[in-house]
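**Student:** The residues making up each chain are set out below.
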Amino acid sequence: MKSDNVHDRSEKLGLPPGSLIFVGEQKTDSVVLTVSNYDPDRFEEKQAASIEDCLAYRDLPSITWIHVCGLHRPDIIESLGKSYGIHHLFLEDILNTSQRPKMEDLGEGLFIVMKSFTLSGDDETTAAEQISFILGKNYVISLQEGNADIFEPVRTRLRSAHGRIRSLGPDYLLYALMDTVVDHYFSVLEVLGERIEVLEDELLTDHARETLPRVHRLRRELLFLKKMAWPLREVINAMLRIETGLIQQTTQFYIRDLYDHIIQVVDTLENYRELASGLLEIYLSSVSNRMNEVMKVLTIIATIFIPITFIAGVYGMNFEFMPELKWRWGYAMVWGVMIAMIITMLGYFRKKKWL
Amino acid sequence: MKSDNVHDRSEKLGLPPGSLIFVGEQKTDSVVLTVSNYDPDRFEEKQAASIEDCLAYRDLPSITWIHVCGLHRPDIIESLGKSYGIHHLFLEDILNTSQRPKMEDLGEGLFIVMKSFTLSGDDETTAAEQISFILGKNYVISLQEGNADIFEPVRTRLRSAHGRIRSLGPDYLLYALMDTVVDHYFSVLEVLGERIEVLEDELLTDHARETLPRVHRLRRELLFLKKMAWPLREVINAMLRIETGLIQQTTQFYIRDLYDHIIQVVDTLENYRELASGLLEIYLSSVSNRMNEVMKVLTIIATIFIPITFIAGVYGMNFEFMPELKWRWGYAMVWGVMIAMIITMLGYFRKKKWL
Amino acid sequence: MKSDNVHDRSEKLGLPPGSLIFVGEQKTDSVVLTVSNYDPDRFEEKQAASIEDCLAYRDLPSITWIHVCGLHRPDIIESLGKSYGIHHLFLEDILNTSQRPKMEDLGEGLFIVMKSFTLSGDDETTAAEQISFILGKNYVISLQEGNADIFEPVRTRLRSAHGRIRSLGPDYLLYALMDTVVDHYFSVLEVLGERIEVLEDELLTDHARETLPRVHRLRRELLFLKKMAWPLREVINAMLRIETGLIQQTTQFYIRDLYDHIIQVVDTLENYRELASGLLEIYLSSVSNRMNEVMKVLTIIATIFIPITFIAGVYGMNFEFMPELKWRWGYAMVWGVMIAMIITMLGYFRKKKWL
Amino acid sequence: MKSDNVHDRSEKLGLPPGSLIFVGEQKTDSVVLTVSNYDPDRFEEKQAASIEDCLAYRDLPSITWIHVCGLHRPDIIESLGKSYGIHHLFLEDILNTSQRPKMEDLGEGLFIVMKSFTLSGDDETTAAEQISFILGKNYVISLQEGNADIFEPVRTRLRSAHGRIRSLGPDYLLYALMDTVVDHYFSVLEVLGERIEVLEDELLTDHARETLPRVHRLRRELLFLKKMAWPLREVINAMLRIETGLIQQTTQFYIRDLYDHIIQVVDTLENYRELASGLLEIYLSSVSNRMNEVMKVLTIIATIFIPITFIAGVYGMNFEFMPELKWRWGYAMVWGVMIAMIITMLGYFRKKKWL
Amino acid sequence: MKSDNVHDRSEKLGLPPGSLIFVGEQKTDSVVLTVSNYDPDRFEEKQAASIEDCLAYRDLPSITWIHVCGLHRPDIIESLGKSYGIHHLFLEDILNTSQRPKMEDLGEGLFIVMKSFTLSGDDETTAAEQISFILGKNYVISLQEGNADIFEPVRTRLRSAHGRIRSLGPDYLLYALMDTVVDHYFSVLEVLGERIEVLEDELLTDHARETLPRVHRLRRELLFLKKMAWPLREVINAMLRIETGLIQQTTQFYIRDLYDHIIQVVDTLENYRELASGLLEIYLSSVSNRMNEVMKVLTIIATIFIPITFIAGVYGMNFEFMPELKWRWGYAMVWGVMIAMIITMLGYFRKKKWL
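Residue numbers (my numbering), protein chains in the order written: chain A, 722 to 1076; chain X, 722 to 1076; chain H, 722 to 1076; chain W, 722 to 1076; chain C, 722 to 1076.
If you're looking for bench data, these hints aren't it; they were derived computationally from the structure. Don't take every hint at face value.
For chains that are exact copies, the list does not tell them apart, and a pair is met inside one copy or across any two.
As the list claims (entries may be wrong) - Pairs of lysine to aspartate or glutamate residues, derived as DMTMM-like cross-links and limited to a Cα-Cα distance of at most 20 Å, are as follows:
(1) K1074 to E931
(2) K947 to D981
(3) K1073 to E923
(4) K803 to E773
(5) K948 to E995
(6) K858 to D760
(7) K823 to D981
Please model the complete structure; the sequences and the hints are all you need to start from.
**Tutor:** If you want it as structure tokens, here you go:
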């Protein structure tokens, strides 16, 4: 998970506002357009070659969902803007993948940008991509950077005739898509929660040197997630309060549920962030603890042997007149003295609770 | 106390909203339904086999309290929804035990979710379970995950004819149930407060290595409690401000008292959290302190013996021309020098306050 | 100062709300009731045996002040409730000494709970007790846990005919009593401020091991004071905004002054809390500093003597062919080498600024 | 800069509110009253012996500025109160030098208390004193604790006929005085900013033991300044919003500028506080760093010499059968072994980047 | 990037408000005035010698943009004030380069102050300068401290006939200029983001002593940027809410986009600040880690050699009666004992995971 795309923004320095340049890292080879058209009785789905192919649906009463995978061809986005009358500043936002989640009222439509987080690969790293939605009277346009197909379950529900989704409007479709994205947040949180627990166990029992960079990486990811989840909360809250006729009473109800979910995401993130800073404290404490133990071993060894080595040194001196050297039991006595010293020291350490 | 159930949520990935699946860990074997029906003059109580059994009471003027222990049978929850006209999104909330405390206005009813914390076993660990309430015109439905019977005192008061509770409406019953749950918070806080004091004493006097994980566990629990108590404050505040006719003037008065209690819980939690972070600081300080002492012992021993060992070493040299070795009092003089050095060192340490 | 009475609350688990049970620690032997009755021209004071004794004053136009010392007899509180028409939930608050400061509008009266802090004994420990006030049309009832007579100065002013206090209403009396309580906060802050300064000096110059628990105790006290002073601010602010006719224009003016005082208390507390966390940082820094110094001494001694001890060791070897041992000036040369090494080391340490 | 005068407040314990007692430390010998009276055409200035001397000006249409240096004579303050009709609670605030900055609407006047900070002496310590202002229809009364003449530049501008100040009302004079006080804040900030930079350099390059108390003193001063600057912001903001006719449109404009200045003071203070806590972190880091270096020296010396001293010890043993001792090149070989060990060790340290 | 110009402010101590003195460091040699005049059909650009030269454009219907590089000549600013009727307090703000970003409503104009950050030189240090804008009915005046030509791209767009910019009003020009400034913020953030990553890598792998001052410098820069970006957010927000007719509907739209950008800057800064404090924690942790390793090496060496050196010392004693010395295998046995001790020690260290 790359934590910041501020970098790429600087390519646009000096260009007039509204210039359509893709800012980000290309995540798919070709741009794929999928058009779905449905009403309670009918469902049709096809791949489109260009936005112009979709225009036929624009004026039908049935609901159209255009899903665009891949943002690196500004021409497609531009023709989308022309066909559906979207201001070039919003098209710019779609292409700028460092966009902050936000909602804009287009008058006869709604424009929403958010981040999607998905788990990829076996090591369960999280991948972020930007997803934009445009809600119109009878259509939803969704645009994502890559080709991770997170909306497949929604499409399956659309295909089956008896779900709620076919009989409700495009606002419910938008809700269903956003709900899918937010549901993936929980999977990511789950993985992060497990990583926190693993790190915690490692730190409390037996830690390796590489734990620290991993803690740091975790904190960076939580920071990034927070940066993306907080404004999303405001976005969904704004959807609840908006007075355009686009979102109907029934859907409002579902969006309130979605709002509950995002609040829970934000709450959990805050908890995780607190736990993650706790990890560093545990780390420092356990390093201190270890150092303390190392010091104790050193001190015990040194404190026992330095004095008796001195005794041995004394009787290694070569003075001519050293009466003890001549005593019959001198050597034994020295050993006695040294053993007494060792016992005294050990007693002292036991009293100090070092042993 | 398991701190987060985000895990289990991921099982629902891809399902349409409102799917009734129990999210959580099953805490009781069978689902038990207890129905109480009362008016000022009468009290009746029985075990019911299914929700349908309770339907007879629905249209009586007397007050009905249905208490459900165990949430792992979605069919029961679903029939409850059908009988009492509760939206499937709320049924989903009841079944999702990672729900955040919240209140929803159902139009002709109120829906409240909160957490109950109880002490279990001798080691006084806290167990959390989710409790949901539905308040209607003439009924209260309460649903809990397990079978810990915390509402028994309320039932006792209901049985006796002369308490206030029989003559007041279902709103007062709801208050009495919520008050019981919040009263248990104080017991949990009491246990946590004692654990903080025990840890504090251990850290300040004589700490073992296992103290650190215990401090960490304590902080996790406080974090979880906070996450559950904060939104409850908002819930109870919302109950005070709601303008539905369901909650009467007299009960408002009691709910204000309940609000005071939850504020006190939140305040105490904040204090505990501050004390708990203080614990870590004490821990680090006392580890530093100890290391300092260990170092001092090592330094004193080394500083005294290393120089005199050197003196001994000098006169252990085998040079042919070492005049001192031949002196009559050479050996005595060396001892004199060494003792003088020891005294000087001890004086220095006393000046430095190391002794 | 005991920081939390959450403990005792658990005794009430399972009792219906409004049960009159004294929660706390008994602080006086017998309950003493002092009744004062006054108007601008007259002042009368007596000890009453029971609340019923005071009833005669209730319907007089003159102002009555009933002061109750000792809360451990619920029957007295109950008869007070009956005589003056106070709801049992408020009586419960009076008896629950873990109550958070708050103000309640009784319709024809005001109910205020706050904490009083006084200094006791020579060691100037602070003692906290709960004080409740009930303000009526022509009376003030004050109830305190113990028998510390902090209101004596007010009584003195009442006795003298020419003060402002006799000519103003019961609202001014309430103000005078609360002002007295808040004035004592300043004495407590003064003592705490001095303790912070003493600790600071100890930590910066020469600290003993017992400093740390004292810092911790200080922080606990500040935490408790904060918990009690913050809501008091809201209470006094609410008194300023309340629209009941009980508090007159002139008294409002004085209450605003009281509000200024409590703001100052809160401000000072915040400062003290910041200084107290600074203390811990100083502590850790000075422990580190000391350890650094200890290490330096050890290193200097070891670094000087270990190499020259090695030299001495070399010439203590018993090889048959060691030419130096036979040299005439061998011994002197060895001393020369050793002294040169010492001088080099000392120079190195001076360069490193260790000496 | 003494950081808190809470101490002196306790002298007032038990006195009725509004008692005029000087709380603080006397900063000047005698109280000096300077009266200035001016209109666009005229300027008159004299020293007054008492407030009664100034009464003549009260009813003139021209503007009067009474400046009082020294607060330790309550009688003067009292006669001021009588002459200008100021409530005794405000007189009390003037005398209580631990007052928090505040503004009070006197109905036909404004009462403002703030702190002035000035640099005194060569060592540029900051001195704080309390300054109160009373703004009336045609007068400004300013009262300060000491006799630091910070208002001289304003007086100079008043004396000259062509400045803006003579033609505008007393509200502009009040603004000019307050602006002068706030301008001095910048000088104090400048000095503090330099002290932070000096401390930073000391800590990063070569620190002495006394740095820590200085960092702590700096933080205390910043804390005190913050405590005084924050409420001043609210005071000036309140002056902008007040609807009394005392402050005219033109002056409002200048007060907005003053508001910008105080915001800048508060911002800079916040930055300084952050930098100051950064200082402590640098300190701890550099102590750790140093200790690390000391340890390395010790470890290198010990690790090199302990093993070779052992070798020397081995051949200092007096066994009769030690073949090596008899070898022709035994001594040289031992030296060879020892030098090889030293080289190995040095290589190891180089690899570890300790050298 | 100099972080605070509070210093220079003190030069103004004692001067009346509105005195025009340049506060700051001169950043360019001569003051350069560039005047551009355009309408949809025409574009004219010239260097002007003085403000008076520009007066001719003032009353034309076409749009005039006067750009002033260099603020050190107060006379030019003063004549600007006279020609365009700008209050001397705002002129003072223009000259005071320590000004906080702000917007002021001039009645028939808008006054905006903000900071521009540009990268300069190869080492990519950031340079800050103050930029002020005055927006009038048909003109924009921009003033900057130095001569870094960041507005060249805007000028290029003005020169070309087909851009949007020529056909929109002076409000759009103001937006375009401000947008250019904010776009440069992203370049600065990019460089800072890279520096954080570089520091992080250095700290986690192999750090030098100079890392700490660099971390500190980084934090100072972030603090300064934050101080300048936060109020800018409010400025742009105020521009959105202002009800003067100067800013048209279409431009509002673009300003909302600008607001999004500044929010993103502020968000990113907050993240960077958190990462930067994380850096210090990593630093401390890795210093601790290293010290731990150093200690281990010392302890292993000392613990292995001190005991066996003692053994060697024992048999170096010169007692006459030491039976071992005479044994045939005495010497070999001693070696055996010593090797056994070494092996035991190594086993102990392996068990402790020190090896």
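**Student:** For the identical chains here, do K1074 and E931 meet the 20 Å Cα criterion within one copy, between copies, both, or neither?
**Tutor:** For K1074 and E931, the Cα distance is within 20 Å only across copies (15 Å; inside one copy 32 Å).
**Student:** I want to check one pair: K948 and E995. Are their C-alpha atoms no more than 20 Å apart within a copy, between two copies, both, or neither?
**Tutor:** Both ways: K948 and E995 sit 15 Å apart in one copy and 12 Å across, limit 20 Å.
**Student:** Regarding K858 and D760, is the shortest C-alpha distance of 20 Å or less found within a copy, between copies, in both, or in neither?
**Tutor:** Classified as within: same-chain Cα gap 14 Å, cross-chain 39 Å, threshold 20 Å.
**Student:** Should K947 paired with D981 be assigned to within, between, both, or neither, using CA atoms and 20 Å as the limit?
**Tutor:** both (16 Å within a copy, 18 Å between copies)
**Student:** Given a CA cutoff of 20 Å, do K823 and D981 count as a within-copy pair, a between-copy pair, both, or neither?
**Tutor:** Both, since 18 Å and 9 Å are each at most 20 Å.
**Student:** Quick one: K803 to E773, C-alpha cut-off 20 Å, is that within a copy, between copies, both, or neither?
**Tutor:** within (10 Å within a copy, 47 Å between copies)
**Student:** Reference check for the pair K1073 and E923, CA-CA at most 20 Å: within, between, both, or neither?
**Tutor:** between (29 Å within a copy, 16 Å between copies)
Comparing the model with each earlier hint shows no violations; every hint is respected.
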